[in-house]
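Asker: If you read the protein sequences in the order shown, they are chains A and B. With my numbering, letter number 288 in the first sequence gets 288, and the count goes up by one each step, no holes. With my numbering, letter number 506 in the second sequence gets 506, and the count goes up by one each step, no holes.
For the record, the hints were derived by calculation from the structure and aren't laboratory data. Where hints are given, some of them may not hold.
[Claimed, not checked] Listed next, with one range per pair, are the computed distances between beta-carbon atoms: (1) Leu312/A to Arg559/B: 52 to 58 Å; (2) Phe404/B to Asn2/A: 20 to 26 Å; (3) Asp66/A to Arg559/B: 35 to 41 Å; (4) Leu312/A to Trp434/B: 38 to 44 Å; (5) Met322/A to Arg119/B: 38 to 44 Å; (6) Arg355/B to Gly142/A: 56 to 62 Å; (7) Arg449/B to Leu312/A: 55 to 61 Å; (8) Lys12/B to Asn2/A: 22 to 28 Å; (9) Glu114/B to Asn2/A: 40 to 46 Å; (10) Glu451/B to Asp66/A: 57 to 63 Å.
[Said to hold, decoys possible] When the alpha-carbon atoms are kept at most 25 Å apart in a straight line, the in silico PhoX-like pairs for lysine-lysine are as follows: (11) Lys549/B to Lys561/B; (12) Lys19/A to Lys12/B; (13) Lys467/B to Lys332/A; (14) Lys397/B to Lys561/B; (15) Lys332/A to Lys3/B; (16) Lys531/B to Lys518/B; (17) Lys531/B to Lys464/B; (18) Lys549/B to Lys464/B; (19) Lys332/A to Lys464/B; (20) Lys332/A to Lys518/B.
For glycine and all other residues, C-beta sits at the position ideal for the given N, C-alpha and C.
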Amino acid sequence: MNNSPYIRQPASVQTVMLKVLLALLPGIGAYVWLFGAGVLVNLAIASAAALAGEALMLKARGRPLDIYLADLSAVVTAWLIVLTFPPIVPWWLTVAATLFAIVIVKQLYGGLGQNPFNPAMAAYAIMIVAFPALISQWPHSGLDFATQLDLIRGGSRNIDAITGATPLDALRTGLRQAVTPMTVQQVIAGGPAFGVLGGKGWEWIAGCYLLGGLWLWQQRVITWHLPLAFLAGIAVFAGALWGIDPGAFASPLFHLVSGGTLLGAFFIVTDPVSGATTPRGKLIFAVGVALITVIIRTFGAYPDGIAFAVLLMNICVPLIDMKTQPPVFGHKDD
Amino acid sequence: MGKLFDFHGGVKPQTHKQHSTREPIAVAPLPDLLVVPLHQSIGGTPHPLVQAGESVMKGQRIGAADGNVSAAVHAPTSGQVIAVEPRVMTHTSGLPMLSVVIESDGEEAWVAPEPVNYRSTPPDEIRDQLRDAGVVGLGGAVFPSHLKLNAGKDMPMTLVLNGAECEPYITCDDMLMRERAQDIVRGGRIMRDMLGAGQVLIGIEDNKPEAAAAMRAAVAALGEDMRVIVVPTRYPAGGAKQLIRSLTGIEVPHSKRSTDFGVQCFNVGTAYAIHQAIDLGRPLISRIVTVSGNVERPRNYEVLFGTPMSHLLQLAGAKPDTDRTLMGGPMMGYLMPNPDVPVVKATNCVIAGSRALFPPSPPEMPCIRCTACVEVCPADLQPHEMYWFARARNFGKAQEYHLFDCIECGCCAYVCPSHIPLVDYYRFAKTEIWAREREKEAADQARARFEFRNLREERDQQEKTAKLAAKTAASRQTAEKRVAPKPSAIADARPAAIEAAHAEGTVASAPALSVDPKKALIEAAIERARKQREAIAPKNTENLSEAQKAEIAEIEARRAKIREMAKTHDEDASK
């Protein structure tokens with residue numbers, strides 16, 4: 001070290017990633033409490049697959065293993081994949097998704113910091129296109145651990161016995177019934193999947209993600225721009241539709257606490273590598289993700305649209321960053 | 001209290017200032033040998049005024065300012081000049097620089113001081129006095145002070161005295177303000193009057209309450225109208241542009257001078273030096289230097305320029321594991337080539353470094369675009385984007401992203417979780433751009449020379465042709481006279497000849513007879529011109545002169561070297 005500065009703040013990519021993992025723990029805790037410990041098995045499988053895939057690619061690329069495996073970025077990707085998948089997907093699906101994220105989306109583009117797309121979301125998008133049925137089968141909350149484990153091991157699926165619809169799914173199905181379309185209120189009143197605010201139980205998980213996210217903000221790992229703009233975007237766009245016809249469209253509050261909204265707000269939209277970096281760019285990026293998410297949820301064929309929304313906005317990042325360069329010191333009146 | 005404006009970003013590293021403020025300023029004992037570099041300020045290198053063997057008095061001018069953008073250099077003590085020769089300079093590069101080596105006689109015999117009454121002296125003379133007293137900015141930039149002390153033209157001026165001192169470890173301004181506040185205010189008074197400044201603002205970080213109190217007391221005691229303003233402690237609050245922004249709300253852009261915005265900023269140490277130079281007639285031969293870091297007794301010393309840093313480190317008791325010497329603070333300071341380099345006007349702090357104090361940086365990781373750097377950049381830049389472009393050698397783009405607005409404060413590198421030496425990348429990009437500009441300039445000059453040569457040759461040739469044409473015209477007249485002396489004779493001769501030809505049945509002799517002397521002359525001239533053209537017309541690059549070939553080779557070699565350097569740098573960076 002021959003040039004200044006000679007001192008550094010004790011910070012590292014590893015600490016950043018570790019904080020993200022820690023911030024996910026409350027949400028995971030609520031998940032386990034509500035849906036059983038199956039998700040923990042998946043987390044373990046995905047973490048192992050991610051590290052193995054990362055190690056293999058690092059070796060092939062001639063990069064040091066110790067530094068790059070220890071940065072924990074692969075583990076973060078693995079966890080986000082698991083938390084967006086149903087907890088009873090077969091193990092090979094988790095492994096395939098994780099390897100796709102790490103090997104193709106991340107390492108083939110140059111590894112840490114170089115991927116133009118959010119690896120976890122790219123993996124989710126690929127898998128929901130390739131295996132729509134498996135990605136849509138969410139267990140009902142009473143499913144015991146042994147059955148979950150059996151399903152993860154690839155056991156046969158008696159769909160009706162094990163799964164229940166997610167709130168977003170139930171709503172879609174209810175609203176689009178060909179014979180007797182229901183109103184939002186009717187669907188929610190009659191559905192076992194719905195709780196006080198959104199999905200039954202999901203509210204708690206969402207609340208825990210919010211908690212972890214706020215801690216990340218307090219720790220200055222993330223700035224307020226992305227989560228706030230994303231949540232505000234969801235509320236405004238969903239609110240506009242709801243304002244037009246409360247019977248045909250779900251309330252903004254329902255959108256905020258359902259599906260992956262809060263996980264997305266604090267852990268997915270905030271991926272620094274594939275997202276916008278200027279303050280104004282962050283706002284545009286997050287609002288764009290919110291808009292596309294609401295559109296896909298409301299009018300699209302998939303239950304949740306965050307993954308596609310993120311990927312579509314990832315494409316726009318270079319342009320957004322280029323066009324939103326903030327004025328520099330002394331040039332603010334230019 | 002004036003309203004405070006905020007500047008963006010900044011960091012709060014541990015200040016380590018408390019170590020060196022426990023004891024008052026001490027006068028560093030006189031070393032036996034002082035090495036005074038002649039170039040100690042921005043601008044021209046002063047000309048040596050002494051030779052080896054000469055005796056000098058303390059405060060005697062030994063280097064005369066080279067033009068107006070320069071400042072004189074003086075003997076820091078009395079003694080004998082034993083050499084005027086290149087010595088390792090106080091710079092990371094370790095390159096030699098013409099220096100005056102003085103063996104002190106221990107007498108400390110001063111030249112007669114020449115105080116000036118600044119109220120009754122024309123400003124031009126005061127500026128000359130400051131230049132000849134060697135007064136330069138002591139905050140570290142060492143810009144000749146007399147160049148900054150012109151009265152504002154069409155706007156009210158504000159004088160900012162910078163006592164913020166935001167770099168960790170450094171306390172020389174703090175101690176100077178605590179102990180010699182009145183002299184600083186006296187210097188500020190001179191500057192205010194020279195600038196015609198309407199207000200004087202003294203900015204001090206809030207971690208120096210004693211200094212702020214001392215300055216307030218001094219301002220009150222001298223009955224001056226100056227405001228001491230305490231600013232929050234946050235590096236780089238003491239950067240001139242940041243302090244001006246904090247105190248006045250004015251942002252001075254890169255490439256503009258603050259005086260164009262009605263503000264002029266000086267370090268408090270400079271104010272003290274101006275008081276010494278004008279009121280007491282004492283040239284700048286010493287300054288306060290903080291000696292800190294890996295030493296037993298951190299302290300501030302009043303140090304004569306030319307004193308080896310090792311002399312100070314010895315005084316402060318450098319610990320055995322000291323493995324480097326830094327000049328300045330840990331954020332923007334410089335590594336010295338060895339501890340024996342002399343203290344110069346820019347030396348505000350000498351830090352003994354060790355592995356424990358400044359541990360080597362962890363391995364550099366890829367940028368994850370976390371924008372921690374954006375949040376701390378006091379110039380409101382996008383450091384991660386500039387890094388990306390600098391690394392890709394896309395220098396045009398780096399400049400577009402305001403590379404030259406970067407003040408190299410180091411905040412971005414300080415917070416980077418990927419441990420990227422960001423400032424190194426910016427320095428690399430800047431030097432590359434400068435090198436390319438120089439290269440382009442050289443190429444432009446070479447081209448201009450080449451084009452001028454062609455032009456000159458063309459002109460010469462035209463002149464030659466013109467001369468030739470004149471000569472031809474002259475000779476034609478003679479020839480015509482000779483061939484055709486009488487028009488009547490031709491008239492007579494022709495019909496006779498034709499008749500003869502007809503008679504002989506041949507016309508063969510007719511052309512010979514009709515040969516026009518004019519035509520022959522023109523053909524000869526064309527032939528000569530063609531030969532000349534062949535001789536001088538350049539055939540592109542085949543007949544370049546030796547000098548041109550050498551120049552082209554030099555430029556090629558330089559390009560290759562830059563490519564090589566860039567490659568090595570990149571390899572280092574990717575390790």
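Asker: It remains to establish, for every hint, whether it holds in the given structure.
Answerer: Consistency of the hints with the structure:
1. Leu312/A to Arg559/B: 52 to 58 Å: Cβ of Leu312/A to Cβ of Arg559/B: about 44 Å, so the range 52 to 58 Å is violated.
2. Phe404/B to Asn2/A: 20 to 26 Å: Since Phe404/B and Asn2/A have Cβ atoms about 23 Å apart, the given range 20 to 26 Å holds.
3. Asp66/A to Arg559/B: 35 to 41 Å: 39 Å, holds
4. Leu312/A to Trp434/B: 38 to 44 Å: With Cβ atoms ~42 Å apart, the hint holds.
5. Met322/A to Arg119/B: 38 to 44 Å: 57 Å, violated
6. Arg355/B to Gly142/A: 56 to 62 Å: 60 Å, holds
7. Arg449/B to Leu312/A: 55 to 61 Å: Once the Cβ atoms are compared, 57 Å apart, the range 55 to 61 Å for Leu312/A and Arg449/B holds.
8. Lys12/B to Asn2/A: 22 to 28 Å: Since the Cβ atoms of Lys12/B and Asn2/A sit about 25 Å apart, the hinted range of 22 to 28 Å holds.
9. Glu114/B to Asn2/A: 40 to 46 Å: 44 Å, holds
10. Glu451/B to Asp66/A: 57 to 63 Å: 60 Å Cβ-Cβ, so the 57 to 63 Å window holds.
11. Lys549/B to Lys561/B: Cα-Cα ~18 Å, so holds.
12. Lys19/A to Lys12/B: Distance of about 22 Å is within 25 Å: holds.
13. Lys467/B to Lys332/A: Violated, at roughly 65 Å.
14. Lys397/B to Lys561/B: OK: Lys397/B and Lys561/B at ~23 Å, within 25 Å.
15. Lys332/A to Lys3/B: Distance of about 20 Å is within 25 Å: holds.
16. Lys531/B to Lys518/B: 20 Å, holds
17. Lys531/B to Lys464/B: It holds: about 13 Å lies between the C-alpha atoms, which stays within 25 Å.
18. Lys549/B to Lys464/B: Violated. Lys549/B to Lys464/B sits at ~29 Å, over the 25 Å cutoff.
19. Lys332/A to Lys464/B: 62 Å, violated
20. Lys332/A to Lys518/B: 77 Å, violated
The earlier numbered hints that this structure contradicts are 1, 5, 13, 18, 19 and 20.
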